[in-house]
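Enquirer: Keeping the supplied structure of chain A fixed, place chain B upon it in accordance with the hints.
Same order as they appear, the protein sequences are chains A and B.
Going by numbering that gives the first Met the number 0, the first residue of the first sequence is number 0, and it counts up by one from there.
Going by numbering that gives the first Met the number 0, the first residue of the second sequence is number 0, and it counts up by one from there.
Think of the hints as simulated: they come from the structure by calculation, not from any bench.
For every residue, glycine included, the Cβ atom is placed at its ideal position computed from N, Cα and C.
Wrong hints could be hidden among the right ones.
Claimed, not checked - Short, incomplete list of chain A residues facing chain B, as computed with Cβ under 8 Å: (1) Pro106; (2) Gly177; (3) Thr178.
To be verified - Under 7 Å between C-beta atoms, here's a sample of chain B residues computed to sit facing chain A: (4) Pro125; (5) Leu127; (6) Ala172; (7) Gly174; (8) Pro176; (9) Arg309; (10) Gly349.
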Amino acid sequence: MKYLLMIWADELPTPEDLAILQRECPAWSEEMNGRGVRLFGRELDLPETATTLRVRDGETLVTDGPFAETKEFIAGFDVLECADLDEAIEVAAKHPASWFQAIEIRPFTDGLELGEKAFAFGRGEDGAARPYLLTMWMGGSPAAPLDDQAVMDEGKAWRQDLEARGLQVFGNALGGPGTATTVRVRDGETLVSDGPLIETKEYIAGIDVVSCADPGQAIQLATQPIARYLAIEVRPFWTE
Amino acid sequence: MTTSAVQRAVDTAFREEWGRVVATLIRRTGDWDLAEECAQEAFAEALRRWPADGVPQRPGAWLTTVAGNRAIDRLRRRARGAELLEQAGREAPPPDAVEGEMPERFDETDQIEDDRLRLIFTCCHPALPLEGRVALTLRSLAGLTMPEIARAFLVPEATMAKRLTRTKAKIVAAGIPYRVPPAHLLPERTSGVLAVLYLMFNEGYSASSGTELIRAGLCDEAIRLTRALHQLMPDEPEATGAVALMLLHHSRRHARVGGDGELITLEEQDRSRWDEAEIAEGMGLLESALHRRQVGPYQLQAAIAACHARAPSVAETDWQEIAGLYALLEVQMPSPVVRLNRAVAVAMAGDFEAGLAIIDELSGDARLERYYLLEATRADLLRRRGDPVAAAEAYERALPLAPSEAERRYLSGRLQEVKTAEGREARP
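Okay, chain B solo, but in the shape it has when bound:
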């Protein structure tokens, strides 16, 4: 076999099997660091041996067996070290558990159990710090290295290393179980896992400029992990919905950023640049999820994204349907931001007065006090209704609250536009 063919085979195995190998080793040894180190060594061993031996029929089983045997060797050495210390008359833990619980040799050729679900539920346990949950999921399930994760989250490596260490230490010290939660906890914990994966996706999706390619890679990892979750939990329509939601958003990635890295609004995007294959897959998944008739927030958000994906333009969008979907989403996920989005949909469906009335109600909400999109949205609806004077006032209120230069530029542009219109109107 050529070196590049072997390299490709190892790369593929890494993407497909890393999480499974680590997950199994954690179950067998209870030691997260040992599991990662031995998995790494197994992949290095594959690079050495596959060129001569050929790629095994089941690379995952081969890798797990090699990694497992490394783990056994290390645990034996540790136990022997402890024994020697004891003989030397020092206080040391007896070499218990290790010999007894570990098999003679590791044999995963009959591997039937997929431990990845255990791993993902443990990584996303609510008692762990949120940032640690995301980082640990990327490390142990997706196989990203610590420096890669540090770069993706724009933090120094030392910070990320500490975050990972602390998260793993809490799992052990606080007694967080390594398992799929029992039925009564499952809905709550599943939505916790999806929240981590969706956060990972958005972290990558919000990175707009070309220099942030590594961050954009987070989208691919999030989609891959959510897909795996969907395959492991085929009866969970929210997992399916989350894959659909991510794909439908991801389909717009090339159209939503301009040449200078500026964000392009949905209205102004060149829809021919949307990724049709991802749209088709997202729509198909959404449909299969909705058939189960257990609608949740991810399916609803995916359904909203699907309305946009289906429409040839903003004007030809089914805003009535979107307004209805936001109303349903508000019931499941009450939040002022969801309500603001409903206001837009209601207005765009033709009822500007009703849309603006919702925004007026929201003005009293303390949670939106510093949220520039409240005034920016009001301004936008007033502009569309043909009220440039009131629109200009709202744009001016939004401007100082806008968080980034790109957003300020957009708002200033609109402000100029309505001021010009205002001037035209004032003239007889």
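The shape of chain A in the complex, shown without the other chains:
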């Protein structure tokens, strides 16, 4: 099964924690790549670089900052291929961020396809463009008519268009908040709990990674028909 590990932070790491992350993360990535469980992963730019957009009554509303008005923010993610949730928990618990922050595990729904572009993204080979994360927040109003085939088709057509234009790195729907598991490690003990890290009415329903020349293009890409039922947060990945 394919899982998304979301690394949640509630503040910028202290210098001591940062030193641990810098020392331990490469070893973790190397181990998990070697085991074949980690497909790729990247750090995101700081939350203040995010832009959130909604399409309401045919109008695009763009606001500055991340969607969730909580102090927690996603600092980065990894995509895993694991035998089951126990393996994903074990991998998450070995990630140094889980020792002082929290990691949320969410299964992807079926159909995630990863090509060479996704793996190049994981290696940081971005070329002239820059990767952006589009986080799809669902559950606000108006609610999406989930059983409406036309709406589903809109989303599908949007992804196909991105792919045809060579802008899509990868993207897929995630299992709902009921499938989420949060992992923390404290005093050497793995603490597993049910549910997403932030429990709000809105939840992350899927992610897309796109490769764009500038933030303007990323926002323009996110302005899609299905955005009338969503809030879409656009944030660049961290680049050296």
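Expert: Then chain B, alone, in the frame of chain A:
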């Protein structure tokens, strides 16, 4: 065979075999709802056929075979339905896996594997919501119906139905494995399973009044399931310890509730009403667990309960031993409540100053800020030491924090008592 004899045989089989039948079907089909439905149908079939055919020699194998064949039939029908849809030109999943993986006919007559351990570890997986873990364990292992579980937890049926559905859905969607965890996870996960079973027990045990009989039934289910776990994991002394702990507490069930449903403290219980058979069994199990020399929190708590069970009265209780056991428990399970209990034992063993000193230390603990038992315990120890003035003050602090009418009544009674004593003392 008479109808009532058959009914009895089916009832017995239900208690003993339900969990096993469901567990095996989940392993074979991966479908929790299908497993429950087919198990139910197998028991209905037993009621129809056993009167004429007689009760089979191995009812469990018979039931599993019948339920399994029902499951195969249903999966075939589903696959055929999918095929028909496909022929109709619509997009539909191919009828894969079903035909290939399922046997021609189900035959569990050579059943050797007991799948219940798999089932219990999956139901009690830490990534599931805690309430869902308890409910799913009662449904799939103990065979309680959804409405029964809803009544036991005092929630509407719709709420419980949703809870069960959501818990089962997470197992499938999040990829929670159906297995006994590997060795490196086993200690942690076993204590997780025991925590669910003990929570189930306490949920029933804390129900005190006669109208809550259904909730009291939770105690029996918890004991039965923990016993099964102990039999399936005979080398796990904590499972044995948990059965012992539950039995030793359960032995006091008739003595701890008065005629009006009020709780009676250990001190005032009529010890002749304690269940001697359960005490004897609990003690025996505890002893066998302690022989393994891997002491854990359940064995320690059972050992404390055993000290009480052995004593003819509060005064003749080995408080020294209990204080020592609480000290050990505190190392394994550091908690302010455990420490508070140690304070009581230390004081009751004769050293009131040391006991009260521990309580003073605990007063600064934010976790106990709204915990009425901190002040109530302090009051109780001061009263016993013969300090009615300070005791009255502590009872007055405890009163507004007490969570129920029964507890408030108890504290008010004590407050009156020490105030009277105070008056007597003040007089020359």
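Enquirer: Quick check on Ala172/B please, does its C-beta sit within 7 Å of some C-beta on chain A?
Expert: holds (4 Å)
Enquirer: Does Gly177/A pass the interface hint, meaning its C-beta sits closer than 8 Å to a C-beta of chain B?
Expert: holds (6 Å)
Enquirer: Verify the interface restraint on Leu127/B: the C-beta must sit less than 7 Å from at least one C-beta of chain A.
Expert: holds (6 Å)
Enquirer: Using 7 Å as the Cβ threshold, decide whether Pro176/B counts as touching chain A.
Expert: OK, holds: Pro176/B within 7 Å of chain A, min 4 Å.
Enquirer: Going by Cβ atoms only, is Thr178/A closer than 8 Å to chain B?
Expert: Nearest chain B Cβ about 4 Å off; hint holds.
Enquirer: Just to be careful: measuring from the Cβ of Pro106/A to every Cβ in chain B, is the smallest value less than 8 Å?
Expert: holds (5 Å)
Enquirer: Min Cβ distance, Arg309/B to chain A: is it shorter than 7 Å?
Expert: violated (35 Å)
Enquirer: Is the interface hint satisfied for Gly174/B? The criterion is a beta-carbon contact with chain A at less than 7 Å.
Expert: At 4 Å from the nearest chain A Cβ, Gly174/B passes the 7 Å test, so the hint holds.
Enquirer: Under the criterion of a CB-CB separation shorter than 7 Å, is Pro125/B in contact with chain A as hinted?
Expert: Holds: closest Cβ of chain A sits about 4 Å from Pro125/B, inside 7 Å.
Enquirer: Let's test the interface hint: is any C-beta of chain A closer than 7 Å to that of Gly349/B?
Expert: violated (36 Å)
Violation of the numbered hints given earlier is confined to hints 9, 10; the remaining hints are satisfied by the structure.
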